[in-house]
Amino acid sequence: MSVTLTLHTQPEVPLEAECLSPDRLATLDQAGIAALPVLHGNRNMTVGDFFSVDGGKDLTVRIIGDLGRVKHVATGMSGGHLIIDGNIGSHLGLGMSGGEITVTGHAGDWVGPEMGGGRIVVRGDAGHMVGSAYRGSKVGMRGGEIIVHGRIGNEAGNGMRRGMIAVAADSGDFTGVNMIAGSIFVLGRLGARSGAGMKRGTIVSLHDAEVLPTYSYAACYHPVFLRHYLLRLRQLGLPVEEAHLGGRYRRWSGDSVELNRGEILLFAG
Amino acid sequence: MSSPLRIINGRVFDPANGVDGEVRDLCIRDGRIVDQLPAQARQLDAHGMVIMPGGVDIHCHIAGPKVNLARKMQPEDHRHDVVPSTAVTRSGTGGTVPSTFATGYRYATLGYTTAMDAAVPPLGARHTLEEFHDTPIIDKGFYIVLGNNIFLNQLLKEKRHEEFREAVAWWISATKAYAAKLVNPGGDEPWKGRRNSNVSDIDANIPEFDITPRQIINAFVHAVNDLGLPHPPHIHCNNLGHSGNFRTTIETMKAAEGRRLHMAHIQFHSYGGELGKNPKSKGPEIARYINENENITCDVGQVMFGKATVMTGDAPAAYVLRKITGNKWVNSDVECESGCGIVPFSYQEHIYTHAMQWAIGLELFLLSKDPWRIVLSTDHPNGGSFMSYPRLIKLLMDREFRKQEIARVNQKAIRNTVLLDDLEREYTLNEIAIITRAGPARALGLVNKGHLGSGADADITIYDELEDKEEMFSSPRYVLKDGELIIDDHEIRQDHEGRLLHVAPAYDEDIEQQIKPFFDKYYSIEFGNYAVGDEYLHRHQTVPTLGERQS
Chain A
1 MSVTLTLHTQ
11 PEVPLEAECL
21 SPDRLATLDQ
31 AGIAALPVLH
41 GNRNMTVGDF
51 FSVDGGKDLT
61 VRIIGDLGRV
71 KHVATGMSGG
81 HLIIDGNIGS
91 HLGLGMSGGE
101 ITVTGHAGDW
111 VGPEMGGGRI
121 VVRGDAGHMV
131 GSAYRGSKVG
141 MRGGEIIVHG
151 RIGNEAGNGM
161 RRGMIAVAAD
171 SGDFTGVNMI
181 AGSIFVLGRL
191 GARSGAGMKR
201 GTIVSLHDAE
211 VLPTYSYAAC
221 YHPVFLRHYL
231 LRLRQLGLPV
241 EEAHLGGRYR
251 RWSGDSVELN
261 RGEILLFAG
Chain B
1 MSSPLRIING
11 RVFDPANGVD
21 GEVRDLCIRD
31 GRIVDQLPAQ
41 ARQLDAHGMV
51 IMPGGVDIHC
61 HIAGPKVNLA
71 RKMQPEDHRH
81 DVVPSTAVTR
91 SGTGGTVPST
101 FATGYRYATL
111 GYTTAMDAAV
121 PPLGARHTLE
131 EFHDTPIIDK
141 GFYIVLGNNI
151 FLNQLLKEKR
161 HEEFREAVAW
171 WISATKAYAA
181 KLVNPGGDEP
191 WKGRRNSNVS
201 DIDANIPEFD
211 ITPRQIINAF
221 VHAVNDLGLP
231 HPPHIHCNNL
241 GHSGNFRTTI
251 ETMKAAEGRR
261 LHMAHIQFHS
271 YGGELGKNPK
281 SKGPEIARYI
291 NENENITCDV
301 GQVMFGKATV
311 MTGDAPAAYV
321 LRKITGNKWV
331 NSDVECESGC
341 GIVPFSYQEH
351 IYTHAMQWAI
361 GLELFLLSKD
371 PWRIVLSTDH
381 PNGGSFMSYP
391 RLIKLLMDRE
401 FRKQEIARVN
411 QKAIRNTVLL
421 DDLEREYTLN
431 EIAIITRAGP
441 ARALGLVNKG
451 HLGSGADADI
461 TIYDELEDKE
471 EMFSSPRYVL
481 KDGELIIDDH
491 EIRQDHEGRL
501 LHVAPAYDED
511 IEQQIKPFFD
521 KYYSIEFGNY
531 AVGDEYLHRH
541 QTVPTLGERQ
551 S
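Chains as they are written, first to last, in the working numbering: chain A, 1 to 269; chain B, 1 to 551.
Honestly, the hints are just simulated from the structure, not real lab data.
Some hints here could point you the wrong way.
Claimed, not checked - Computed cross-link-like contacts, BS3-like style, restricted to lysine-lysine with a CA-CA straight-line distance of at most 30 Å:
id	chain 1	residue 1	chain 2	residue 2
1	B	Lys412	B	Lys280
2	B	Lys394	A	Lys199
3	B	Lys394	A	Lys138
4	B	Lys328	A	Lys138
5	B	Lys277	A	Lys138
6	A	Lys199	B	Lys157
7	A	Lys199	B	Lys323
8	B	Lys403	A	Lys199
9	B	Lys307	B	Lys192
10	A	Lys199	B	Lys72
11	B	Lys72	A	Lys138
12	B	Lys412	B	Lys307
13	B	Lys412	B	Lys394
14	B	Lys328	B	Lys369
15	A	Lys138	B	Lys323
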């Protein structure tokens with residue numbers, strides 16, 4: 001029997017709900033879930049104070065309502081399926097290692113920061129710092145996938161080491177800043193200064209973009225691997241056209257202020 | 001003040017008074033240990049437990065501008081170690097550089113009741129005192145760095161030794177410090193003036209001042225000993241961390257000419273080999289020199305594997321480390337007084353140099369013959385956090401555990417040390433009480449600390465006697481500070497304000513007239529605003545100089 005949580009009281013200030021993670025709810029019955037602690041501003045409250053709980057003991061969890069003020073949901077999630085029917089606040093899937101999160105609305109900042117595995121799908125837009133490192137940390141996303149069907153904000157994939165971020169629309173500034181490795185696909189336009197300080201890894205855009213002067217132009221070619229990736233993204237429902245699959249891409253290598261082993265691939269028709 | 005208390009049935013380790021594990025009563029009244037109490041006094045049963053004086057950390061970095069910079073630059077360290085508030089304690093953050101409140105609580109939960117910050121630039125004294133006011137439970141003090149002070153070095157250049165001594169006394173009095181610290185004497189000034197410049201030879205001329213590091217060291221040894229400060233000059237030698245630096249270390253000790261000198265984190269100064277190549281161990285040579293020269297005390301600065309934060313007044317050394325790690329860093333210039341560098345660091349068992357540093361520290365502990373003159377320290381947080389002291393104690397007390405650990409680290413490094421010979425020595429509880437309490441208290445000249453005789457401060461730690469020494473020393477059952485039961489049944493039950501320990505040596509006031517023009521010309525702060533006022537002291541104790549004690 002799946003678990004459904006419905007928001008009945010909109011929190012007045014941000015609500016920190018680290019416990020709302022399928023693997024943690026899976027062992028609890030209805031009353032147990034309702035009694036889990038959440039932090040409302042600086043006050044200790046329970047899940048039941050904000051959500052009506054239906055069902056229990058299942059790895060599939062659906063949360064319904066506008067959760068724009070609910071933060072830290074699915075922190076450290078290791079398995080199961082979490083469906084958020086509405087918007088979600090910041091720090092979704094912090095450090096998650098497995099399972100899948102689907103958001104039907106928009107997501108706040110810090111989607112999947114320092115995550116190590118699993119998948120996050122956002123049907124709407126996502127904020128800044130998608131799959132990033134926290135301030136002070138060197139390493140951001142370490143694995144897994146983040147798929148956003150709308151736009152994303154600045155500094156997506158900051159310090160990313162492995163895994164994939166795919167965005168159907170545009171990305172903000174500093175996409176892939178300080179990237180160590182991994183792949184970022186932006187089907188729309190790249191923001192300014194993308195790939196700044198990148199060591200290794202791949203940033204792909206299906207539009208032309210202004211590249212930092214510390215990048216050098218390498219070639220215009222058809223990267224074979226790209227077709228496989230793009231087909232996979234199309235399967236996941238992203239708008240990849242036939243021309244993109246077999247097209248040629250300009251390869252820029254950089255960032256020469258760092259290792260110079262990264263690449264930005266821009267669709268050239 | 002709590003009512004008189006008698007601690008009964010515990011095994012007492014009080015090496016300063018020759019008590020080695022005997023079961024005897026301890027009587028406490030008005031924050032001090034007394035000879036006897038009325039029979040009806042409150043009792044604390046310490047049956048099956050070990051009683052020691054509260055721990056004394058002679059060398060750590062826990063407050064002041066550079067410590068705070070290290071906190072600010074490592075938010076990632078705090079996120080994983082949040083310290084929530086309780087009914088009696090305040091919240092904070094941990095990691096390698098805990099916040100002020102967490103520092104006080106964590107020292108107390110290890111049974112330490114006194115800690116000395118080993119390197120504060122005089123200009124940072126106010127900041128340090130403010131942080132100390134927020135560092136609960138423990139007594140604390142700080143040493144000011146004077147070894148790269150332009151004014152003092154100019155006096156030495158002009159051979160004005162008497163005025164030099166008076167100026168040292170003024171500086172210590174004006175900043176409410178406890179001792180004089182030398183960090184890479186004479187080396188930071190060239191570093192600040194010229195790219196990648198430093199002194200590498202204790203007898204090399206420093207062009208800025210036309211003097212040598214040896215002359216600076218020698219001048220401080222004589223000035224501080226003549227002033228009768230309770231703690232001798234506390235020196236971080238030149239060439240820290242460089243292969244082949246043991247010669248500098250031995251020459252530094254010789255420069256004391258038989259007078260008292262404390263060598264800080266001597267492990268970092270016991271390396272053989274060629275400059276720029278992998279270090280070799282000179283631990284045995286250094287240990288031998290210290291064994292033979294009773295004027296020298298030292299703390300080890302043991303490296304413990306895991307995360308650390310290098311923070312030092314030795315700015316060029318921090319730059320070298322930054323080049324090795326590629327990590328974020330801070331380097332700073334403190335006007336005419338000193339420099340500073342901070343680099344987050346991680347010691348790893350498989351790396352040759354790190355394993356070698358770890359092994360040299362153990363060699364020094366195990367080969368030292370006089371535990372009174374070697375102090376347990378990790379140079380917190382440089383070699384590791386003070387929170388790793390219990391593990392270090394286990395390494396010293398448990399030969400089998402030590403063997404297991406030695407087998408886990410880089411074997412190429414171990415083959416170049418005497419640890420390969422399976423040193424048999426196991427520290428006894430009495431020796432641990434010396435290297436963590438009685439010894440450092442004596443080296444600091446704190447006559448009321450580090451022992452449990454009549455008149456001593458009632459700073460007492462009571463451990464459950466356990467086979468696993470790491471577990472035993474990680475969590476004392478009771479900790480008393482000034483006679484108050486702070487930790488009861490392993491938990492902090494009440495807050496407490498510890499004292500600031502400082503010295504106020506007398507000086508000839510004429511020296512102020514000589515220092516003032518230098519401030520007018522070169523400092524960003526007015527001379528009149530430089531000295532720290534008494535309003536910064538809060539609860540404090542002025543520790544008398546040796547001369548004051550005799551009279």
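Right, here's what the structure says about each hint:
no. : hint                : verdict
1   : B/Lys412 x B/Lys280 : holds (11 Å)
2   : B/Lys394 x A/Lys199 : violated (42 Å)
3   : B/Lys394 x A/Lys138 : violated (33 Å)
4   : B/Lys328 x A/Lys138 : holds (10 Å)
5   : B/Lys277 x A/Lys138 : holds (29 Å)
6   : A/Lys199 x B/Lys157 : violated (50 Å)
7   : A/Lys199 x B/Lys323 : holds (18 Å)
8   : B/Lys403 x A/Lys199 : violated (41 Å)
9   : B/Lys307 x B/Lys192 : holds (29 Å)
10  : A/Lys199 x B/Lys72  : holds (26 Å)
11  : B/Lys72 x A/Lys138  : holds (15 Å)
12  : B/Lys412 x B/Lys307 : holds (22 Å)
13  : B/Lys412 x B/Lys394 : holds (24 Å)
14  : B/Lys328 x B/Lys369 : violated (41 Å)
15  : A/Lys138 x B/Lys323 : holds (17 Å)
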